[in-house]
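What follows is the residue order along each chain.
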Amino acid sequence: MFRLIPKEEKFFDMFVHMAENAHESSKLLKALMGPDADVPNLAESIKALEHKGDRMTHDLFVKLNRTFVVPIDREDIYRLSSCIDDVIDLIESVARRMVLFKVGRASEPAQQLAHLLTRSTSEVVAAVSELKNGLTVMEHCIEINRLEDEADHIYHLALGQLFDEEKDPISLIKWKEIYETLETSLDKCEDVANVIESIVLKNA
Amino acid sequence: MFRLIPKEEKFFDMFVHMAENAHESSKLLKALMGPDADVPNLAESIKALEHKGDRMTHDLFVKLNRTFVVPIDREDIYRLSSCIDDVIDLIESVARRMVLFKVGRASEPAQQLAHLLTRSTSEVVAAVSELKNGLTVMEHCIEINRLEDEADHIYHLALGQLFDEEKDPISLIKWKEIYETLETSLDKCEDVANVIESIVLKNA
Amino acid sequence: MFRLIPKEEKFFDMFVHMAENAHESSKLLKALMGPDADVPNLAESIKALEHKGDRMTHDLFVKLNRTFVVPIDREDIYRLSSCIDDVIDLIESVARRMVLFKVGRASEPAQQLAHLLTRSTSEVVAAVSELKNGLTVMEHCIEINRLEDEADHIYHLALGQLFDEEKDPISLIKWKEIYETLETSLDKCEDVANVIESIVLKNA
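Protein chains in written order, with my numbering: chain A, 568 to 771; chain B, 568 to 771; chain C, 568 to 771.
Just chain A, same shape as in the assembly (with noise of 0.2 angstroms):
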């Protein structure tokens, strides 16, 4: 289909380590949202993961600074390099107000979302990945887009029961955030799809 010409092959290795690190907090996330889980350890251990990604960023922005032929537009690295580091920050974000909220154990649809996430995650690792050769990209991006809708539905009804069964507004004030901080992170990992759509559209 198109392959970009790879002048600097570290580039496209550093997106993917930034894409592993995302997949790796959505999994302690998941984690962190079963049975029996040690929420505020693996909340400790989500934040050690965002601050390996701000540094993963940092260093990559000064690579970028120091070479002179870069494989795709500075800009489209700059933009893909946050978007991924955006997710990160959700998912850290998710984490941080179970343990604000003090909810205890995460509802089933809270649940459902944080394992939707990971699969979404694991298919931007894989798209970053294809990037450098381009073959399945649009595979992933689509499949990215697909797990955005099922998280979209299952959203909607989470939101639906909450204000038809939480008699308590402060719980489901907590609750109405952690879903839509849930599915803020999902619609992020699409956001990560289209940019990468953008950078295989502008090589095509």
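A portion of the hints provided could be inaccurate.
Since the list gives no way to pick out one identical chain from another, each pair is judged satisfied if it fits inside one copy or across any two copies.
[Said to hold, decoys possible] With a straight-line Cα cutoff of 25 angstroms, these simulated DMTMM-like cross-link-like pairs (lysine to aspartate or glutamate) come out:
{"#": "1", "residue 1": "741", "residue 2": "605"}
{"#": "2", "residue 1": "594", "residue 2": "719"}
{"#": "3", "residue 1": "577", "residue 2": "603"}
{"#": "4", "residue 1": "619", "residue 2": "717"}
{"#": "5", "residue 1": "594", "residue 2": "710"}
{"#": "6", "residue 1": "669", "residue 2": "710"}
{"#": "7", "residue 1": "734", "residue 2": "642"}
{"#": "8", "residue 1": "734", "residue 2": "580"}
{"#": "9", "residue 1": "577", "residue 2": "605"}
{"#": "10", "residue 1": "769", "residue 2": "621"}
{"#": "11", "residue 1": "741", "residue 2": "643"}
{"#": "12", "residue 1": "734", "residue 2": "764"}
{"#": "13", "residue 1": "619", "residue 2": "605"}
{"#": "14", "residue 1": "699", "residue 2": "744"}
{"#": "15", "residue 1": "614", "residue 2": "731"}
{"#": "16", "residue 1": "577", "residue 2": "719"}
{"#": "17", "residue 1": "619", "residue 2": "716"}
{"#": "18", "residue 1": "734", "residue 2": "697"}
{"#": "19", "residue 1": "614", "residue 2": "717"}
{"#": "20", "residue 1": "619", "residue 2": "719"}
{"#": "21", "residue 1": "630", "residue 2": "710"}
{"#": "22", "residue 1": "741", "residue 2": "603"}
{"#": "23", "residue 1": "594", "residue 2": "733"}
{"#": "24", "residue 1": "669", "residue 2": "716"}
{"#": "25", "residue 1": "619", "residue 2": "758"}
{"#": "26", "residue 1": "699", "residue 2": "731"}
FYI, nobody ran anything at the bench for these hints, they're computed from the structure.
Based on the hints, put chains B and C in the right spot on chain A.
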């Protein structure tokens, strides 16, 4: 003032169809908020238009990939269609909340915002229709900005009244979110205007 | 490090005036949150600065349309001025909520966040002022990012305390939104820094 080279007029027609779809769904939302509305039925029709919009966006991207010479930057086509898609998504989101939250009849400010939204999407149709020859594009963009200002004013009055009068926290949460989503729909029309303006600036 | 060709110095001056306007409104917000503040009066002054900002943005776009050679990409000028405009809009939004919600005296964390905001907008002024010769731009952008981190920490502490201590749901909703809007103002300063960084990267 300026003239975009109409190498492939089809893209402009596709934008117009997408904008018309957004306008159509805003009219259904206004009806949904009016007297004696069949809320669930109208929400379903809006959902159908949203799916139609998704298919239009997809068709446009497929066409984009098969076209070598496009009238404006590929990326701008991408951004403009994504923004119009956002408008429809938000309209659908308002309709869905009217159903989920079971709030009954729309309040006066919600109806006013829905009415402004039909006017703003109508200006989006006009701006996009004029993009091909560029004559009155800027006037429509200015009007979209003015309508957003007007909506912003109504939104803040509604918010103040809500916090003054509504004593049930869960009901307050519901109406606050309906007002916010309506206001965000009008913000997204402004984003469409901004993308159109930047296309005009680039091609000036 | 790098030097942007100062083909049309006026644009840089316009950015500086816009950033100074944002900084001025952040100082008024800090005063509005301080002891014995005349809240409605200061909110009015902030609103006046927001309108002034809108006129500046408009003047810049008019100038952009009349200028053939610009010092940096037209689109970057557009994005930078839009981002600075967003900062002022959010500051105005915080002030408006202080009035609408009738919460009385600002809480300790709200005051701290307003203080950080004055420091961040001051760095925005510095970054934009240096954009012309490019010398210390990056240092200011890094400081804006650091201030956002600090604000993020205060924001989360405040949120935790709010959910621990506030038993009135409507009061909780009000402060939650004030904290969020303050935090988002600092996020938008970070967006300004990101646009500036990408301009620097492009022109490196």
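Hint check results:
no. : hint         : verdict
1   : 741 with 605 : within (20 angstroms within a copy, 32 angstroms between copies)
2   : 594 with 719 : both (20 angstroms within a copy, 24 angstroms between copies)
3   : 577 with 603 : neither (40 angstroms within a copy, 57 angstroms between copies)
4   : 619 with 717 : between (30 angstroms within a copy, 18 angstroms between copies)
5   : 594 with 710 : within (18 angstroms within a copy, 32 angstroms between copies)
6   : 669 with 710 : neither (34 angstroms within a copy, 33 angstroms between copies)
7   : 734 with 642 : neither (48 angstroms within a copy, 47 angstroms between copies)
8   : 734 with 580 : neither (49 angstroms within a copy, 49 angstroms between copies)
9   : 577 with 605 : neither (37 angstroms within a copy, 57 angstroms between copies)
10  : 769 with 621 : between (27 angstroms within a copy, 22 angstroms between copies)
11  : 741 with 643 : neither (36 angstroms within a copy, 38 angstroms between copies)
12  : 734 with 764 : neither (43 angstroms within a copy, 47 angstroms between copies)
13  : 619 with 605 : within (21 angstroms within a copy, 45 angstroms between copies)
14  : 699 with 744 : neither (37 angstroms within a copy, 42 angstroms between copies)
15  : 614 with 731 : between (34 angstroms within a copy, 22 angstroms between copies)
16  : 577 with 719 : neither (35 angstroms within a copy, 32 angstroms between copies)
17  : 619 with 716 : between (30 angstroms within a copy, 15 angstroms between copies)
18  : 734 with 697 : neither (48 angstroms within a copy, 51 angstroms between copies)
19  : 614 with 717 : between (27 angstroms within a copy, 15 angstroms between copies)
20  : 619 with 719 : between (29 angstroms within a copy, 17 angstroms between copies)
21  : 630 with 710 : between (31 angstroms within a copy, 20 angstroms between copies)
22  : 741 with 603 : within (21 angstroms within a copy, 33 angstroms between copies)
23  : 594 with 733 : neither (28 angstroms within a copy, 33 angstroms between copies)
24  : 669 with 716 : between (29 angstroms within a copy, 23 angstroms between copies)
25  : 619 with 758 : both (21 angstroms within a copy, 21 angstroms between copies)
26  : 699 with 731 : neither (48 angstroms within a copy, 49 angstroms between copies)
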